Each structure stands twice: as C-alpha cells, then as structure tokens.
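Trainee: As a plain string of letters, each chain reads:
2 protein chains.
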Amino acid sequence: MKSFRALHQEKNTSARVGVLQTPHGIVETPAFIAVATQASVKSLTPRDLEEIGVQIIIANSYHLHLRPGEDLIFELGGLHKFMGWSGPLMTDSGGFQVFSLGAGMEQGVGKIASIFPEEGRPLPRGEKSRVRIDEDGVEFRSHLDGSILRLTPEKVIEIQAKLGADIILTLDECTSPLHDYEYTKEAMGRTHRWALRAFKKYAEIQRDSKQALFGIVQGGAYRDLREESAKFIGSLGFDGIAIGGSLGRSKREMHDVLEWTIPLLPEEKPRHLLGIGEVEDVFEIVGRGVDLFDCAAPTRMARNGALLVKGEEKFRLNICNSRYKDDPRPLEEGCKCYTCRNFSRAYLRHLFLAKELLAYKLATIHNLHFVVSLMKEVREAIRDRRFLELKERWMG
Amino acid sequence: MKSFRALHQEKNTSARVGVLQTPHGIVETPAFIAVATQASVKSLTPRDLEEIGVQIIIANSYHLHLRPGEDLIFELGGLHKFMGWSGPLMTDSGGFQVFSLGAGMEQGVGKIASIFPEEGRPLPRGEKSRVRIDEDGVEFRSHLDGSILRLTPEKVIEIQAKLGADIILTLDECTSPLHDYEYTKEAMGRTHRWALRAFKKYAEIQRDSKQALFGIVQGGAYRDLREESAKFIGSLGFDGIAIGGSLGRSKREMHDVLEWTIPLLPEEKPRHLLGIGEVEDVFEIVGRGVDLFDCAAPTRMARNGALLVKGEEKFRLNICNSRYKDDPRPLEEGCKCYTCRNFSRAYLRHLFLAKELLAYKLATIHNLHFVVSLMKEVREAIRDRRFLELKERWMG
Chain A
0 MKSFRALHQE KNTSARVGVL QTPHGIVETP AFIAVATQAS VKSLTPRDLE
50 EIGVQIIIAN SYHLHLRPGE DLIFELGGLH KFMGWSGPLM TDSGGFQVFS
100 LGAGMEQGVG KIASIFPEEG RPLPRGEKSR VRIDEDGVEF RSHLDGSILR
150 LTPEKVIEIQ AKLGADIILT LDECTSPLHD YEYTKEAMGR THRWALRAFK
200 KYAEIQRDSK QALFGIVQGG AYRDLREESA KFIGSLGFDG IAIGGSLGRS
250 KREMHDVLEW TIPLLPEEKP RHLLGIGEVE DVFEIVGRGV DLFDCAAPTR
300 MARNGALLVK GEEKFRLNIC NSRYKDDPRP LEEGCKCYTC RNFSRAYLRH
350 LFLAKELLAY KLATIHNLHF VVSLMKEVRE AIRDRRFLEL KERWMG
Chain B
0 MKSFRALHQE KNTSARVGVL QTPHGIVETP AFIAVATQAS VKSLTPRDLE
50 EIGVQIIIAN SYHLHLRPGE DLIFELGGLH KFMGWSGPLM TDSGGFQVFS
100 LGAGMEQGVG KIASIFPEEG RPLPRGEKSR VRIDEDGVEF RSHLDGSILR
150 LTPEKVIEIQ AKLGADIILT LDECTSPLHD YEYTKEAMGR THRWALRAFK
200 KYAEIQRDSK QALFGIVQGG AYRDLREESA KFIGSLGFDG IAIGGSLGRS
250 KREMHDVLEW TIPLLPEEKP RHLLGIGEVE DVFEIVGRGV DLFDCAAPTR
300 MARNGALLVK GEEKFRLNIC NSRYKDDPRP LEEGCKCYTC RNFSRAYLRH
350 LFLAKELLAY KLATIHNLHF VVSLMKEVRE AIRDRRFLEL KERWMG
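Protein chains in written order, with numbering that gives the first Met the number 0: chain A, 0 to 395; chain B, 0 to 395.
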C-alpha cells in the first residue's frame with residue numbers, strides 16, 4: 000500500500016471517507032478491522048468474513064511469533080496463504096502486549112483506566128508483570144510457557160516481513176493510564192527512538208516496499224506529549240499513522256487525545272486508532288478523523304452472548320435473558336446476516352445455554368455484520384454530507 | 000415416510016441400496032446419520048451440512064425434552080424450523096440414555112463392553128445411576144440440574160410428535176453388555192410391551208401418519224433373545240426397524256447380533272443400527288444389511304483432533320502430532336471438502352494447539368465429508384455389484 004485518498008469532508012466534523020490500496024485489494028474507510036489475533040477471527044472461516052463484508056483483518060505478531068512462529072508461516076507462503084484470507088491484512092507489533100502483559104496486568108486496567116483491556120478478559124489485578132523494558136527493546140515472559148523472548152524494533156519488522164501482511168506496525172511502548180507524566184514522557188521518547196530504528200530496518204529489508212509501515216503516536220493523556228509525538232511520528236514518512244497507548248481515564252479523555260493528535264498528522268495519510276471501537280465509540284472517533292480502527296469487542300461480546308442490536312442499551316442484547324426463551328423473531332428485524340435470515344432468538348438462546356459451539360459462530364457472524372453494515376452506512380453518510388444527521392439518528 | 004425401496008442386492012453379501020422417502024426429501028441408503036443431540040450438529044450450520052452432503056440428521060428427545068422443551072419447539076414451528084434444517088430428520092427416543100445414564104454409567108462401559116459409549120466421553124466408572132426403570136417407564140435424574148423426570152412409551156411418542164421429526168423411535172430399554180441373560184430377557188420383554196404401548200399411542204395421535212415410527216429390537220448379545228425380538232418387533236407394522244441395545248463384548252459379537260437379527264426382519268423395511276458406525280465398521284454393518292446408522296464418533300473425533308484420512312491406522316490422523324507442524328498438504332489429497340480445499344495440515348494443527356474455535360468446525364467438516372463420501376462410494380459399489388471389491392480396497 001502506497002496509496003490513500005481521503006475524499007470528502009463535511010463541515011463541523013472531521014469525518015472523512017477514503018480508499019486505501021493494498022496488494023490484496025482496497026479498503027474503503029472509515030473501516031472496522033476485525034481481530035484475528037492467532038491467525039483466525041474466532042469461530043469464523045475466511046468465507047464467512049467475505050460474506051459478512053469484512054474488508055480487513057488484523058493478526059498479532061507477538062502471538063504468532065510465539066506460536067506457530069513466523070519462520071513456519073513464511074515457509075508455508077505467508078500469513079495470507081496460511082490462514083486462507085485473500086483480502087487486506089495487518090499485523091500488530093506486540094506493543095500492546097508490552098502494556099497488557101506488563102503494567103496493565105500489574106495495575107488491573109485497560110487502555111482507558113475505567114475499562115478493561117480491549118483484548119481478552121479483565122486482567123487479574125495484582126498479577127506480576129510479564130514484561131521488562133529497556134532501551135534496546137522488550138523482554139517478555141511468554142504467556143504460553145513462561146519462556147523468555149526479546150522483541151526489538153528491528154526484530155518486530157523482521158517478524159512482520161516474514162508474516163507478509165499488507166500493513167505492519169512499529170514496535171512501541173504502550174503505557175498505562177496510571178503511569179505519571181514523567182514515565183509517559185520517557186516511554187514516548189523511547190517509542191520515538193524505536194520508530195526511527197524500525198524505519199531504518201524497514202528501509203533495509205523492504206526495498207520493494209510491498210508492505211506499508213505505520214508508525215505509532217504515544218504520549219498518554221498528556222496534551223503536550225501527544226502533540227510532540229504526533230508531529231514527530233507524522234514527520235517520518237510512514238505510510239500511515241496509528242494512535243496507540245493510554246487513552247486516559249474516560250471516553251472523554253480519549254476524545255481529547257484524538258482532538259490533540261489528529262489535526263497535527265499529515266492529511267494524506269490514513270489514521271488508525273489502535274484497539275478501540277465499540278459501537279458507541281464509532282461516531283465519536285470517526286467524527287474526529289479516524290480512518291481505521293480495530294477492536295475485539297464485537298467478536299468477544301458475541302462469544303459472551305452480548306449481541307449487537309439497535310435500540311438496546313449500549314446496543315447490547317443479552318441473548319441468555321429468559322425473556323428471549325420463546326422469542327420467534329430474528330435478533331434484528333431486517334438484518335441480512337446469515338444468522339438473522341435463518342434463526343430465532345429462541346434458538347440462539349438455546350444454543351448458548353446448551354453451550355453448543357454453533358452459538359459462538361452465529362453470534363459472531365451477527366455482531367461483525369452489524370459493525371460492518373454500520374460502517375457502510377457511515378461511509379455513505381459522509382459521502383452525502385449527512386454524517387452528523389446519521390450520528391443523531393443512531394446516538395440520539 | 001411410508002415408502003422404502005431396497006433396490007439391489009449382490010451375491011455373497013447382504014449389502015443393499017434403497018431410497019427412503021420422507022416429508023423433507025429422500026435419503027439414499029445405506030446412509031450415515033449425523034448426530035445433532037441438542038438440535039445442532041456440533042459447530043456446523045445447516046448450510047455446512049448441505050454443502051457436505053449430509054442427507055439426514057438425528058436429534059435426541061431426552062435432551063430436547065429437558066432443554067428447551069418440546070412445547071417450546073412446537074410453538075416455534077417444530078424442530079426443522081427451530082434449527083433451520085430442511086432435510087430429513089430423526090429423533091431418538093431417550094432409550095439410549097436409559098443405558099448411558101444408568102447401567103453404562105455405573106459399570107463404566109459402552110454398548111460394546113470393550114468400547115466407551117458412542118455418545119459423549121468415557122463414562123465415569125462407578126458413578127451412581129441416574130435412572131430407575133419400572134414397568135410403566137423410566138425415571139431420570141436430569142443430567143442438567145438433578146430434577147426428576149419420567150418418560151413412558153406414550154410420553155415419548157407425544158414428545159416426538161411435538162418435535163415433529165420425519166422419523167421417530169419407540170422408547171426401549173437399552174441394556175448393558177454386562178447384564179446377564181435373565182435381566183436382558185426381562186428388559187427385552189419390557190421393551191416389547193413398551194413397543195406395543197408406543198404403537199397404540201402413535202396410532203391415536205398420528206392419524207395422518209406424517210411421521211414414520213421405527214420399533215427397536217433388543218436382546219443383548221444372546222441369540223435366542225435377538226431372534227425372538229426381531230420376530231416380535233418385525234411383526235408389529237412399524238415403518239422401520241432399529242437395532243439397539245447391548246452389542247456384546249467385541250465387534251465380532253456385534254456382527255453376530257446383526258447376523259441373527261437382520262434375516263428375520265421384514266425385507267421391505269429400512270433397518271437402522273443405533274449409535275454404531277465408525278469408519279472401520281461401515282463395510283461390516285452395511286455388508287450385513289444395515290440401511291441406516293447414526294454415530295457421534297466422526298464429529299466427536301473431529302473435536303479431539305482425530306481426523307479421518309485413508310491410509311492412516313484406523314483412518315485416524317492425529318493433527319496435533321508434531322510431524323504435521325510444517326506440513327503444507329491438505330488433510331487428504333484430492334478431498335473436495337471446504338477444509339481440504341483451503342487449509343494445510345500445519346494451519347489446522349496451529350488452530351488446535353491455539354484452541355481456536357475454528358479448529359473444531361474445520362475438522363468436523365472434513366470428518367463428516369469423509370463419511371458422507373464413503374457412503375456415496377458404498378452405494379455406487381452396491382449398485383454396480385462390486386461392494387465386496389470396494390470393501391477389499393478399503394479394508395485390505
């Protein structure tokens with residue numbers, strides 16, 4: 000990917016549509032990126048994803064490095080071929096694991112201190128950090144077998160080159176919302192130096208530049224740090240800019256971070272908000288100029304029986320609730336997903352109570368379809384300069 | 000279903016092909032019946048089943064009576080509609096649970112004493128029976144919540160009428176291979192009296208006879224009992240005859256049971272061997288005149304990573320074996336299933352090790368496809384009068 004065009008922009012909002020070109024097809028933005036941490040969007044086949052209309056997915060370098068290993072995937076023809084996905088594909092760098100297995104685990108917090116981490120379960124508060132950070136890189140104690148592995152900015156570029164995704168990310172240090180200003184500043188400086196090292200390594204091994212490299216803005220919920228980081232990372236010539244790290248102690252602070260950061264980024268580059276994007280966030284982040292976002296919530300919620308339905312509180316219908324026991328309706332009237340076209344709420348509830356594997360799949364299909372359809376609606380609204388109207392209609 | 004035609008019969012074997020007509024389409028026999036105990040073939044959608052070529056599936060009355068209840072399913076339009084399956088459908092009567100939750104559980108044995116039960120995991124030897132049998136029927140202590148429920152031959156017909164499958168079964172007492180002659184004879188007598196009561200109830204409520212009713216032959220591994228039971232059940236005018244219960248202490252004894260039973264059954268009725276049918280059994284049971292068989296082994300094995308591949312010992316490839324770590328080949332060369340067309344052994348092994356939900360689905364697709372394709376080959380061979388040749392080719 001070397002090409003991105005941001006097409007429209009409406010007054011009184013920074014929402015914009017764009018088209019991202021990758022070696023495996025285009026992505027219309029703003030786009031939701033489905034999470035495939037271990038080279039699988041949990042419970043779904045690539046064909047399911049295509050049918051749902053998922054445009055792009057993101058796998059995780061840290062997880063795939065541990066198992067099955069990037070060399071194995073490389074030998075087998077790369078990650079696309081390995082997992083049977085022929086569309087646009089990203090890999091995350093492992094920077095989020097610096098946080099989730101480190102400070103996040105010790106402090107029991109997520110990227111926004113009031114919520115749990117986007118990836119996985121609530122952290123067991125008080126567990127010992129599995130991470131040690133120094134100038135050179137990060138040392139992890141494997142979450143699988145306790146073995147020690149070291150990731151450096153260079154190593155992470157090498158891993159991702161072997162995996163062969165269309166878009167890759169630099170290694171960063173994702174800090175915690177509970178880190179103070181001093182530490183956040185120190186970590187940001189390290190992230191900047193790592194970005195330079197990653198860029199250098201990338202330039203060395205990616206002479207044909209088939210993979211796009213995104214840099215990551217850090218700086219916690221501190222305005223001057225975010226501004227400094229946005230200017231610095233924005234100036235390095237990355238193909239796109241990701242916004243990562245601690246996003247404060249509330250959704251409001253997360254919005255502030257976007258408002259400080261995005262206006263300082265190069266207009267012509269796609270902007271990716273890392274690991275954020277529940278349904279109730281979509282209009283807020285897109286309205287502030289985010290082009291791409293990945294979030295495990297829709298798929299994780301699906302496996303927990305929290306199904307996305309318009310009109311429900313926070314768009315969540317708890318299918319295990321006894322009120323759906325004999326409900327013959329689909330999850331959502333008019334929904335075109337395979338699940339809604341074929342099954343009743345009563346059947347879905349039965350599958351969840353019976354712990355049938357099919358429950359997780361049917362629920363995941365619906366939740367992803369919900370988000371993908373919402374994003375399509377959002378893009379159409381931006382094109383027609385009625386984004387704020389659509390937001391009002393959805394969010395009241 | 001009121002119509003069955005057995006078409007061909009080759010010399011030196013009792014293998015035959017036939018066509019079974021049901022209100023939801025035909026079943027070409029001999030046919031494998033996929034197991035959908037709780038109204039779902041584990042991990043698969045109805046669309047997956049159609050694509051694989053599964054002709055007919057079997058759900059379980061005991062399980063569905065407990066959860067979600069036959070009244071609920073009836074209100075929602077019947078089991079076909081509830082689970083989104085539009086093809087031929089059977090329900091089992093709960094007779095197998097008399098054994099699996101009763102003597103089988105106490106004794107820690109399966110329908111053949113040397114193997115574990117076809118349905119579910121190895122029984123916890125020595126656990127207390129959850130079943131009490133008397134002349135009227137069976138009392139179960141629910142495996143879900145310990146509540147007591149009573150099934151009688153009449154009640155089981157009523158339950159199955161509400162579920163609305165195309166083929167239903169009478170309640171029987173499925174004995175254990177460890178039961179002695181006296182007890183087995185006593186239980187067989189009870190099963191016969193229950194068959195009469197079931198038939199009477201069925202005649203009362205099924206005036207239009209849309210559902211076909213199969214009776215069940217019992218008698219353990221005792222020749223005179225099996226012969227008596229075959230003659231008795233065969234004489235009652237059922238639409239088909241199932242062969243149930245204890246099948247001895249070895250595959251050889253199971254084959255004896257078939258050889259004693261089948262020649263005494265009415266030629267023009269389909270014969271269903273209940274709960275048996277691993278790949279290595281197929282030629283033995285079909286060769287003795289079985290038309291239908293249901294077996295959870297292919298789907299259960301799939302979820303355990305035991306994948307059906309010709310040429311492997313007992314047709315089982317253990318995908319978690321490290322030898323498949325970097326194996327780029329499909330499970331089986333030339334296999335037309337979705338899994339083999341799209342994924343390598345290395346990827347499947349990765350999914351199993353990572354405990355990804357997709358593993359179970361892809362494995363189940365392959366194993367069912369394997370069995371369904373084998374049965375198609377078997378039918379073609381019988382039609383062409385080369386069944387024994389095909390058996391030799393497969394079994395050596």
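To be clear, the hints were calculated from the coordinates, so they are not data collected in a lab.
Being a predicted model, the structure only gives us computed values, none of them experimental.
C-beta: ideal position from N, C-alpha, C; glycine also.
Be aware that a few hints might be false.
Covered stretches of chain A, as calculated for chain B (at least 3 residues, CB under 8 Å) [as the list claims (entries may be wrong)]:
1. 43 to 52
2. 81 to 93
3. 303 to 309
4. 321 to 333
5. 341 to 349
6. 367 to 378
Trainee: Count the residues of the stretch 43 to 52 of chain A whose CB lies closer than 8 Å to any CB of chain B, then report whether that count reaches three.
Mentor: Check passed, 4 qualifying residues.
Trainee: Taking a Cβ-to-Cβ distance below 8 Å as contact, does the stretch 303 to 309 of chain A have at least three residues touching chain B?
Mentor: violated (count 0)
Trainee: Per the coverage rule (Cβ-Cβ under 8 Å, at least three residues), is the stretch 367 to 378 of chain A covered by chain B?
Mentor: Coverage by chain B is violated here, the residue count being 0 at a Cβ distance below 8 Å.
Trainee: Confirm or reject the coverage of the stretch 321 to 333 of chain A by chain B under the rule of 3 or more residues with a beta carbon closer than 8 Å to the chain's beta carbons.
Mentor: holds (count 3)
Trainee: Holds or violated: the stretch 81 to 93 of chain A covered by chain B, criterion of 3 or more residues with Cβ-Cβ distance under 8 Å?
Mentor: Contact hint for the stretch 81 to 93 of chain A vs chain B: holds, 3 residues under 8 Å.
Trainee: Count the residues of the stretch 341 to 349 of chain A whose Cβ falls closer than 8 Å to any Cβ of chain B, and tell me whether that reaches three.
Mentor: holds (count 7)
When each numbered hint is compared with the structure, violations occur for hints 3 and 6.
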